[in-house]
Amino acid sequence: MIFTPKRRWPAIAGSVTAAALVLTGCSAGGGGNSDAKTITWLVDNTENTITYAEKLAEDFNAANPDIRVEIETRPQGGDGDNIVKTRLATGDMADVFSYNTGSLFQQINPEQNLVPLTGEPYMDNVSDSFKPVVAAGDDVYGVPVGTGSAGAVLYNKKVFEELGLSVPKTWEEFMENSRKIKDSGTAAIIQSYQTTWTSQLFVLGDFANVAAANPTFAEDYTANKVKYATDPAAIKGFEHLEEAYKAGLFNEDFASTTYPQALEKLANGDGAQYPILSFALPELKVSYPDQLNDIGLFPLPGDDPAKNPLTIWLPGGVYLPKSTENVEEAKKFLAFIASTEGCDSQTEAVGANGPYLVEGCDLPDDVPTAVKDMLPFFDDETRNSPALEFLSPVKGPALEQITVEVGSGIRSAKDGAALYDADVTKQAKQLNLPGWN
Amino acid sequence: MTTNTTTAPTRAARRTDPAKPKRRSGQSAYPYWFYLPAALIYATLFLVPTFASFFFSFTRWNLTEFTWIGMDNFVQFFSEEALLKGLTNTFIYGVVTSVLKVVLGMLLAVLLTSQIIARGYLRSIIFFPVLLSSIGVGIVFTVLMDPSTGLINKALAVVGIDGPAWLTDPAWALMSVAFVDVWKGVGLATVIFIAGIVSIPSEYFEAAKMDGASPVKCFFNITLPLARPATATVIILSLIGGLRSFDLIWAMTKGGPGFTSDVIASVIFKQYQAGFYGLSTAGNVVLFLIVTAVIVPLSMFLNRKEVEA
Chain A
1 MIFTPKRRWP AIAGSVTAAA LVLTGCSAGG GGNSDAKTIT WLVDNTENTI
51 TYAEKLAEDF NAANPDIRVE IETRPQGGDG DNIVKTRLAT GDMADVFSYN
101 TGSLFQQINP EQNLVPLTGE PYMDNVSDSF KPVVAAGDDV YGVPVGTGSA
151 GAVLYNKKVF EELGLSVPKT WEEFMENSRK IKDSGTAAII QSYQTTWTSQ
201 LFVLGDFANV AAANPTFAED YTANKVKYAT DPAAIKGFEH LEEAYKAGLF
251 NEDFASTTYP QALEKLANGD GAQYPILSFA LPELKVSYPD QLNDIGLFPL
301 PGDDPAKNPL TIWLPGGVYL PKSTENVEEA KKFLAFIAST EGCDSQTEAV
351 GANGPYLVEG CDLPDDVPTA VKDMLPFFDD ETRNSPALEF LSPVKGPALE
401 QITVEVGSGI RSAKDGAALY DADVTKQAKQ LNLPGWN
Chain B
1 MTTNTTTAPT RAARRTDPAK PKRRSGQSAY PYWFYLPAAL IYATLFLVPT
51 FASFFFSFTR WNLTEFTWIG MDNFVQFFSE EALLKGLTNT FIYGVVTSVL
101 KVVLGMLLAV LLTSQIIARG YLRSIIFFPV LLSSIGVGIV FTVLMDPSTG
151 LINKALAVVG IDGPAWLTDP AWALMSVAFV DVWKGVGLAT VIFIAGIVSI
201 PSEYFEAAKM DGASPVKCFF NITLPLARPA TATVIILSLI GGLRSFDLIW
251 AMTKGGPGFT SDVIASVIFK QYQAGFYGLS TAGNVVLFLI VTAVIVPLSM
301 FLNRKEVEA
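Just so you know, the protein sequences line up as chains A and B, in that order.
Under full-length UniProt numbering, the letters of the first sequence match residues 1 to 437, in that order.
Under full-length UniProt numbering, the letters of the second sequence match residues 1 to 309, in that order.
Everything labelled a hint here was simulated from the structure, so no lab data went into it.
Predicted, not measured: the structure shown is a model, and the values here were computed from it.
Please note that a few of the clues may not be correct.
Claimed, not checked - Straight-line Cα separation of at most 27 Å, DSS-like style, residue types lysine-lysine; simulated pairs:
| id | chain 1 | residue 1 | chain 2 | residue 2 |
| --- | --- | --- | --- | --- |
| 1 | A | K55 | A | K322 |
| 2 | A | K395 | B | K209 |
| 3 | A | K414 | B | K209 |
| 4 | A | K429 | B | K254 |
| 5 | A | K246 | B | K209 |
| 6 | A | K169 | A | K158 |
| 7 | A | K169 | A | K429 |
| 8 | B | K254 | A | K414 |
| 9 | B | K85 | A | K227 |
| 10 | A | K246 | B | K254 |
| 11 | B | K85 | A | K429 |
| 12 | B | K154 | A | K395 |
| 13 | A | K429 | A | K227 |
To be verified - Covered stretches of chain B, as calculated for chain A (at least 3 residues, CB under 8 Å):
| id | region |
| --- | --- |
| 14 | 42-54 |
| 15 | 91-105 |
| 16 | 144-150 |
| 17 | 256-262 |
Claimed, not checked - The calculated label-pair distances, taken between Cβ atoms and stated as ranges, are:
| id | chain 1 | residue 1 | chain 2 | residue 2 | range |
| --- | --- | --- | --- | --- | --- |
| 18 | B | L132 | A | T73 | 31 to 37 Å |
| 19 | B | L298 | A | K225 | 28 to 34 Å |
| 20 | B | L84 | A | K131 | 57 to 63 Å |
Just so you know, even glycine gets a beta-carbon here, dropped at the ideal spot from N, CA and C.
Take these sequences, add in the hints, and give me the full structure.
Dropping the structure here:
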């Protein structure tokens, strides 16, 4: 009797091993059509990405039974960048791969490593606002996968209704609203400096206003001709952050609040407005499904009520490396991704968290309210601008610490902007950009 | 010259005449091939990286290619505003943790060498925090030190004290981390002091008692001077640990809020994160030089005193 528990272990271990063998044997044997050609697709390893990637692969296979798509994953962030760069450099890249657009895309030597897709018929389906962020020289190289997002203010509509507030179109109105919310006893603006990256939105999300005031800012910025500290439009983001802090509009515990806690405050109405990326919507959907439709979205306001543009984040691209031997099959797959069937397949897998950048892709009627609020800005090109990181390779790594300091009253807006310019100079020198050394 | 000429005859002689001395000066106990594995490991894992890092600190380097830029990295590193803050913070942190560990460690060691009950058990308890992972300790204390929901401030509120925002108030952040570092590290100092104290012969204390010395006199005139080697060890170990401290700070504040609790090591790590490999390598060279510049003279000073005593 005493020994039975011990004796059980080998038995359990044995059966687990056996089960594992059966399972792996099963999945290796599965797959069906033996004539099918297999192409590989390298994606990042977030749950969201893998879910829609597998669904896309499955639906594509249903439409094209002779081609199978196999998903490969890579880590995110710097490790992922290294894998992509190394595999491209050694000619060992998957048949198609997903990667960032904008400044990171420029760093993988598109002209040398990728097959241009400029003349492909399906490129007509791709939105014109996406093409610049996957273009190098005269050619475009990628199709969009996933949805567009925004760096904007998420707000609690119930709080606004109770206080009879309307969506602000200018910074003045925003501050006026915020003072009223504060007087009612609710935190007017949620800040979450325990998760430092969230502090950057006042600056990053303000870029559409900068671009509206100075359309060549991104270009001049890359060429080291304009600076945050000296450009009157660009420094506004820092100044607004300072002003909001000085007016005491933040939640009291802003310094120790984390990103998930901030979302909780927003969903429960403990805080009214949260400048953040709309990437937060899928998370709100999972954690607070009942309150999701209480949340609306408006752009970070600037000075001009007539413009009031939205700063948008473009989705990643899917690219075709020159090393692939299955060009025809891979192109068919890209065409599928850039089609309405492709969008539907993604929506079915993960829901729609923003507009697709493929023409003709409609969103289902039950998209979250905040996504509906975003759509008019995406439809009209004069009312949006991609974030600076899609237009310029120059971005300093210390912005989040600087904005925490400005937003906590440790450093002034002017100092913060100047320090960020120094940070940016350092990064541009490391990248050997022309005009900086 | 001598070794060359004598090697062969000696070897031959040794085989034939075991009575001759086996080792002579300049001749090693083992043949050269015996050193080879260790030498290879030493060269590839220690020598090459050390010199490579000195080399790469003069370059702009993205792990696959580099450009020689001379002293630019060092100029950049020293013009970094965060670095000045980091440098002062590093010294404050190193000195504060080191002093507290010496003082508290000595007092605790005196307590734990006395005739108290469950001495062995109490001795092991003081050592437990040393065994924990810094990241785990950091995360736990981040929760405990939360200004509104943390246990520490709630406990203080019970006795009517309005506790500070430990980790988010720029004036407190660095000190809060230093306190946690002391809590975690004082066990090691205590153990070293205990070893130092128990090695003092009890005759000294008996003789002092006979002459009517007070306990305070005993402590300052017997325990403290005779435990000097232990004190020197604790100071050097905790100062090195304090100067290159990183894990606890990163787990608790990430150098924040803003740059207010940055130390050299966290400034260096941020350069790595940003992909500025050459620059951060230069930072590591600077850190190495600073630690050496502090520790070498200090250790010479402490050891000289020890000999004189």
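query: Are at least 3 residues of the region 91-105 of chain B within less than 8 Å of chain A when you compare beta carbons?
result: With 0 residues close enough to chain A, the hint is violated.
_27 Å limit on alpha-carbon distance, applied to hinted pair K429/A and K254/B_ = OK: K429/A and K254/B at ~25 Å, within 27 Å.
Inset, instruction - Mind checking the hinted window 57 to 63 Å against the Cβ distance between L84/B and K131/A? - result: violated (45 Å)
Check your understanding: Going straight from one Cα to the other, do K55/A and K322/A come out at no more than 27 Å?
Key -> Holds, because 26 Å separates the two Cα atoms, which is no more than 27 Å.
Are K429/A and K227/A close enough, with their CA atoms no more than 27 Å apart? holds (15 Å)
Residue count check for the region 144-150 of chain B against chain A: does it reach three with CB-CB under 8 Å? holds (count 3)
Fill in: Restraint check for K169/A with K429/A, where alpha carbons must lie at most 27 Å apart
violated (38 Å)
If you draw a straight line from the CA of K85/B to the CA of K429/A, is it 27 Å or shorter? holds (23 Å)
How does the region 42-54 of chain B fare against chain A when you require at least three residues with a CB closer than 8 Å, holds or violated? With 0 residues in contact (Cβ-Cβ under 8 Å with chain A), the coverage given for the region 42-54 of chain B is violated.
Next pair to validate is K85/B with K227/A; report whether the Cα-Cα distance is within 27 Å. Holds - the C-alpha atoms of K227/A and K85/B are around 25 Å apart, at most 27 Å.
Does K254/B pair with K414/A here, judged by a C-alpha cut-off of 27 Å? holds (24 Å)
*For the region 256-262 of chain B, do at least 3 residues have a Cβ located nearer than 8 Å to some Cβ of chain A?*
Since three or more residues must qualify, the claim that chain A covers the region 256-262 of chain B holds, with 5 doing so at under 8 Å.
Going through the hint list in order, the structure does not satisfy hints 2, 3, 5, 7, 12, 14, 15, 19 and 20.
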